[in-house]
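Following the hints, put chain V in place on chain C, whose structure we already have.
Order-wise, the sequence lines are chains C and V. Going by my numbering, the residue at position 71 of the first sequence is 127; the numbering climbs one at a time, nothing skipped. Going by my numbering, the residue at position 223 of the second sequence is 279; the numbering climbs one at a time, nothing skipped.
Hints in this document: simulated from the structure, not taken from any laboratory. None of these values were measured; they are calculated from a predicted model. Careful: at least some of the hints might be erroneous.
Okay, derived cross-link-like pairs now, DMTMM-like style, lysine to aspartate or glutamate, Cα gap no bigger than 25 angstroms in a straight line [said to hold, decoys possible]:
id, chain 1, residue 1, chain 2, residue 2
1, C, Lys172, V, Asp257
2, C, Lys290, C, Glu318
3, V, Lys290, C, Glu73
4, C, Lys434, V, Asp72
5, C, Lys434, V, Glu360
6, V, Lys290, C, Glu78
7, V, Lys124, C, Glu73
8, C, Lys124, V, Asp72
There are 2 protein chains.
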Amino acid sequence: MAFVAAVLAEIVTIGDELTRGETVDTNSAFLAGRLTELGVCSVGWLTSCRDVRADIADALVRAATRAKIVLVSGGLGPTEDDLTVDVAAELAGVEPVVDEPSRERMERRFARAHFKLTPNNIRQVRVPSGARVFDNRNGLAPGFEIALRGASVFFMPGIPREMSRLCDEQIIPRIGELLAGAPRVLRRIWRVFGVGESHVDDRLSGLLAAVDPTAPADSASLHFNVQFPDVLVKVIARDEDEARARARLDRLGTEIRARLGEAVYGEGDDGLPAVVGAALRARGATVALAESCTGGLIGHLLTEVPGSSEYFRLGMVLYANQEKVARLGVSEATLAQHGAVSRECVEEMARAVRDLAGATYGVAVSGIAGPSGGTPDKPVGTVHLAVASMSEVHAKVLAYPGTRSQVKQLAAHWALKLLLTEASKQS
Amino acid sequence: MAFVAAVLAEIVTIGDELTRGETVDTNSAFLAGRLTELGVCSVGWLTSCRDVRADIADALVRAATRAKIVLVSGGLGPTEDDLTVDVAAELAGVEPVVDEPSRERMERRFARAHFKLTPNNIRQVRVPSGARVFDNRNGLAPGFEIALRGASVFFMPGIPREMSRLCDEQIIPRIGELLAGAPRVLRRIWRVFGVGESHVDDRLSGLLAAVDPTAPADSASLHFNVQFPDVLVKVIARDEDEARARARLDRLGTEIRARLGEAVYGEGDDGLPAVVGAALRARGATVALAESCTGGLIGHLLTEVPGSSEYFRLGMVLYANQEKVARLGVSEATLAQHGAVSRECVEEMARAVRDLAGATYGVAVSGIAGPSGGTPDKPVGTVHLAVASMSEVHAKVLAYPGTRSQVKQLAAHWALKLLLTEASKQS
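Okay, chain C solo, but in the shape it has when bound (with noise of 0.2 angstroms):
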């Protein structure tokens, strides 16, 4: 069960939009990135190249004799700028022909929404003829897929996520049939918070092979994606049993979270602002908010979640020292001997935002954003935060000389860290 990634593949996106610079290609790496998952394919080139009849012929015709597989994206729209149905007909010495599915779909989508068709939308539903077709489920335009030069060269529209959605649904299963004992795929994304990425890999080093020590090297793998303040640990594994890539990724879930402890803090899609929430939830429980220098950033990802006005009740944005004692009445004598960027002075907004509210949970911050205002004592990336529960206050400082736009999110993340610790004991 060793798969090798020995089959060349290559990446094609075409439009004038990407060569004058005006869009930022980011089909290419999508596609790149499932080719590589799939874990049978290295892809060897990616060409962008204008809307011209001939170039988009010599671009598709050096990725076919190059490449086994070859995925294109653009110029399947309905103007006369887009050529690439054209293009593709020619090379495989065919006629380009309507789709009959398609062509329905689209009219009964503009029925529906009492748009006019125009003569120009047929163009967009052409394919070569013979051509095996793809559904667009996002869209008008459909995918297929035609033989050239030994090549199976596949074509999906421009616009990412109808080219996503096609691509995850239809292509790579199709490219997985071609490409004989091609394995199922399977992917895992653990949401690692407060351990930088260095940490991570370090303490994650040599994880495939401790928890399946025979399995072959290239049947897992292991990437690390930064989506500041998150570290995000993914994981492929690659097995033609899809139970069995299953319980490894299980047995490898296991391992993680054993090495990494608390700061896995979720799976999947979900940031801290929505695992909090759940948390919340769970156990029918409010909070109320005392930010200083986040100026509003934790009440603003709290209320990015659908449904947090279940558990979101005040928030005060306390930037001037006199509104700290007016507002929720921090004591001057805190302020005067140990400052606003303090642990005496979060503790009691904490507590304090949490009476005011009658909210489950109190949670305070407090911090030099920066790029003034530090000093030798309390530099710039200082941040005091607190979470006052019912019983207890809980305080924490951070140190991170980072930029106003980092200190800010990275301490409003902290704050919702340890809130979600708080949320998540056992009561």
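Frame of chain C; chain V shown alone:
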């Protein structure tokens, strides 16, 4: 003074992280955009290849054979995988040599940071012997230019902030020199808020011809770029005479402001939060916020600007109706009669938070961000806004059926726009 974009240019980016799909290639779009703006080049191809000696050589030779100008990024790092200098030297028929000024600068930098220089670091300051060298002011590896197959080929590091500075400060001027008759290129951006892209396009239709009827068509160009919720209007002016290009941009700016009116709120990089901040500071004014559906986002945006503590006094996030009553004294009668999402409610909130904080202005927002909570009368996307100054209250209602996140962003920016209007009035 007609400039024909007759010179073909190409971009080559190098690195396994690109072909594996781990990194989205933003350098190609940046470089293609800069070359396109120059108005004397047309970019034909964007190519990305692996860190493989033969592939790099193949990509460079093909690009240099087709094009007159080739921009290359990547593969200039310190590791054994970084092969670009070696391949470039081999193709030019010379040896790689250490660039002494770059080496000295690296040694000074390392000494200041108490870093130890390893032999690998020396790899990073090599260039092909005889190449024209460009200082890297944001990093270690210098850029360089060689002649290959009749083309001028420019090499830059792959790190975007190193590449972009090198490109703008040194490479683009050098290309201007190389291409006879290349004009000066000046760029200016106007920031527009509150008018959709298609309306901006419509109102600016025929702009260039109206302002300068006799100028050649290709001596200026107009571009739109949506950075939700802003629309950026960019004009590129090309002229051998810089003062003349600048005067033209001034005339265009006057006309753009005449056609778009108050929707143009600024120029250049500063978004609404910075522009509002400058207006508040200019009149020594302060602001307090009462946010509901925006959840803290207005405060977050205001406090992204350094020095915002000078004018930002107090923020309150009052998600629950009872908090609107308890914290700001919104009347139960208003809530019962008009609901929390009403002009009456936000006007009360704006006045109350202004008075509570003793601020010059009070800003209030209450709406339905969705996805649930809408009614036939007040569908998702209904948001009421108010700004209270010392003497008056101005209100506005939005009806934007976007995602939760878009509704929040649009509402927060409209709140800032109303505040800007107040803070810009002659007192």
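Cross-check of the supplied hints:
1. Lys172/C to Asp257/V: With Cα atoms ~24 angstroms apart, Lys172/C and Asp257/V stay inside 25 angstroms; holds.
2. Lys290/C to Glu318/C: Holds. Lys290/C to Glu318/C sits at ~17 angstroms (cutoff 25 angstroms).
3. Lys290/V to Glu73/C: Between Lys290/V and Glu73/C the Cα gap is close to 16 angstroms, so the pair holds against 25 angstroms.
4. Lys434/C to Asp72/V: Distance of about 42 angstroms is beyond 25 angstroms: violated.
5. Lys434/C to Glu360/V: holds (20 angstroms)
6. Lys290/V to Glu78/C: holds (12 angstroms)
7. Lys124/V to Glu73/C: Holds, at roughly 21 angstroms.
8. Lys124/C to Asp72/V: holds (19 angstroms)
When held up to the earlier numbered hints, the structure conflicts with hint 4 and nothing else.
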